[in-house]
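There are 2 protein chains.
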Amino acid sequence: MKDIRLALVGFGNVGRCFAQELRGSYARALRAAGVKVRVTGIATARHGLAIDPNGLALYRARRLVESGRSLEGLGRGRQPGSVRQLIARVPADVLVEISTLDPRHGEPAISHVRQALNRGLHVVTANKGPVAFARGALVALARRKGRFFLHESAVMDGTPVFNLVERCLAGCQVIGFRGTLNSTTNLILSRMEEGLSADAALAEAQALGIAEADPRNDVDGWDAAVKGCALAAALMGATVAPRAVSRRGMGRLTAGEVRRALREGARVRLVVRGERRGGMVRVRVRPERVPLGDPLVGAGADNVLMVETDLMGEIGIVERGSTVDQTAYGLLSDLLRIVREP
Amino acid sequence: MKDIRLALVGFGNVGRCFAQELRGSYARALRAAGVKVRVTGIATARHGLAIDPNGLALYRARRLVESGRSLEGLGRGRQPGSVRQLIARVPADVLVEISTLDPRHGEPAISHVRQALNRGLHVVTANKGPVAFARGALVALARRKGRFFLHESAVMDGTPVFNLVERCLAGCQVIGFRGTLNSTTNLILSRMEEGLSADAALAEAQALGIAEADPRNDVDGWDAAVKGCALAAALMGATVAPRAVSRRGMGRLTAGEVRRALREGARVRLVVRGERRGGMVRVRVRPERVPLGDPLVGAGADNVLMVETDLMGEIGIVERGSTVDQTAYGLLSDLLRIVREP
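Protein chains in written order, with this note's numbering: chain A, -4 to 337; chain B, -4 to 337.
Hints may be right or wrong, so weigh each one.
Identical chains share a label here; the pair holds if one copy fits it or two copies do between them.
Lysine to any residue pairs mimicking SDA-like chemistry, simulated, CA-CA at most 20 Å apart [unchecked claim]:
| no. | residue 1 | residue 2 |
| --- | --- | --- |
| 1 | Lys31 | Gly166 |
| 2 | Lys(-3) | Gly166 |
| 3 | Lys(-3) | Arg26 |
Honestly, the hints are just simulated from the structure, not real lab data.
Build out the structure end to end from the sequences listed, making use of the hints.
Pasting the structure below:
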C-alpha cells in the first residue's frame, strides 16, 4: 500500500464530507487503487489550524468544527500560525484546496495553489477561481514541478466535464460550449415557472445550501461568468478574464416573463456561452429562452453543459441535483488520477 | 512517426466516412499523436476484398464501392478469397470491425473480433453485437494477448459512454442506467407528437439513414435491448443475454397516446433500463412516459444515457443528432487510445 498524505485548506461542508467519506464510502476505491490516505493538516478560516504528521483524527476534527470549537488542540508538534505557514510546513503530498473563495478575484485560493505547487505538492481543488483567473500559469507551474493541478469539481461539482473533454474526446477540438451551470438560478427559474416569486425561490435555494455565500453572485451571473472562463481556459485553451465576460444576470426577469416563455414552449435559463470568433474566445452570460426539447433544459437545480466539437458534433453532460457529496466526489476522482498516473 | 496498419472489415457508410477522414479531418489528430496510418486491407460483403501491404488507395476504393464496382483489382500480391482469409493474412496492427451485423446473434462480427484478437491484432469496432453477446470473453482474450478490444461507437455512436464510465468515474460503481438509445424510435416518437403517423415517421428515419437495415429491430425494441446488454456488460460487469431482456417495443403505441402524453407534460420514449437487483443485473425495454423536465427527453433523434452511481449520484451524457460522422469518430477515438496507451 502506498501512503498518501493530504493537507486540507478549507474545512466547510465539502471538506468535512470529503474527510468523512475517506473513511467511509471512498475506502473501497482507495484500497483498490493501493493507497492509504492520511490527512496531516487542516486549515480553516475561523476554527484554527492543525498539523499532525501521523494523521489527524478526522472524526474529532469534524465534531470540533461542527460544534463551533477550534482545531488547535488537535495537532502534534509545532503548530502553524497561518494558512501560509501550514502550506509551507505540512508534511503532505497533495494539497486539497477548498477554502472559501472571493469569486471576484479568485483569492485566496490562487495563492494557496501557487504556494503548494512551488513546494512540490500536487494540488486538487474544487474552487473555480484558480481555474478561471490563472489556469494557464498554474498548469505551466505544475508541469515545471512535475506535479498535477486538477480541478474536476470547479464546474458542475464532480461531474466529469474537464475529464470528459481531456480524456474522452481525443483528437477533437472544442469549437464552443453552452451551459446552465449555476444551480441556484436553475432552481429559482424552475420555481418561478411554478408561480413562486424570485425572492421566495432564492430563499429555498439558500435553505438547500445550493446558493453562493453571497447569492448576488448567482443572480447577477458572476458565478456563471467565472465558470465560463474556467471552461474557456480548460476546454478551449483561452484566457478570458471574468471581467471581460459580457454578462447579464436574471435581475430584471419577472415571474410573468418566465411563465409566458413556458406557455410558448421554452424555459428561461441563465445560459453561459463560449465561442471562438476570429481567433478570439468570447464568453457571455444571458438569460435565454431555451426550447423545451433542448438538453439545456434540465429540471430543478440540474446543471447541463453542451460542448460543440469539430469531429464529434455536439455532445452534452448532465448533473442531476447538485450536492456536497457530488463536489466531494470530484476531489476523490482527482486524487485517484494522481495516484494512478504517477 | 509510428506506422499503424489498419484492416477494415466492412466498408459501408461508416467505413467509407472513416477512410475519407483519415486523410481529411483526422489527419491533424493522427499527426499530433505521432502516427501515420495505412489501410492495408478492406473486406466488403458484396464488393470484394483487397489487400495491399503498402496501403490501399482509399479514394479509389471509395469510388469503386460507391459506383457499385468491386475492390478486386485494387490489391497487390496474393489476394484473399474470404473475410476469414483476409483477417488471417492481412499485414495489419488493428482490425476495424464494421461489418453488417445480424443483431439477433451478433455475428459475423463476433467471429471477426475473435479471429483478429487470436492473431494478435488490436480490435476496434462500431458493432454492438460483440459487446452485447460476448464482451466478457473477448475482453479476457484481448487481455491474454496484450491487445485492446475497444468499442466506443457500439452505443450512441462516438459519444464517449464507455470511456466516460471507465476513465472519468474512478472509484464509482454503476448501480443502474436508463437511456433513450435508439435514434429511430426517438425520431419516430418526436414526429408522432407533431401529428405524423408512425409509418410516415419511420419512412423519414429511413430516408435520413438512421434506421436499422431492418427497421423492425428498432421498432420492436431489439436494437435497444442489445445496446442495454452492451451497457450492462461494460458498465456493470454483468452478462445479460439479449434474449433475456424483458422487452416491449413501440408497436402498439398510437399517435393519439403520444399526443395525449405530451398534453399531460410527458414524452413517450422507448427507454432501456439496467438495474442491479439482488446480485443480478436486469435489462428491460419499454415505452415510458418521460416527464418533460427529465434529461432523457431529447429532441428529434437525440440519444441520452443517464447513469446512476454510488458516489456521484446520477449523471448523464447526451448526443445531438446521430450521424455517420459521429460513428466514424468513435473509431478514431479508440484508435488514438491504442496509439497513446501502448
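Check: Which earlier hints turn out false for this structure, listed by number in ascending order?
Finding: Checked against the structure, no hint fails, so every one of them is satisfied.
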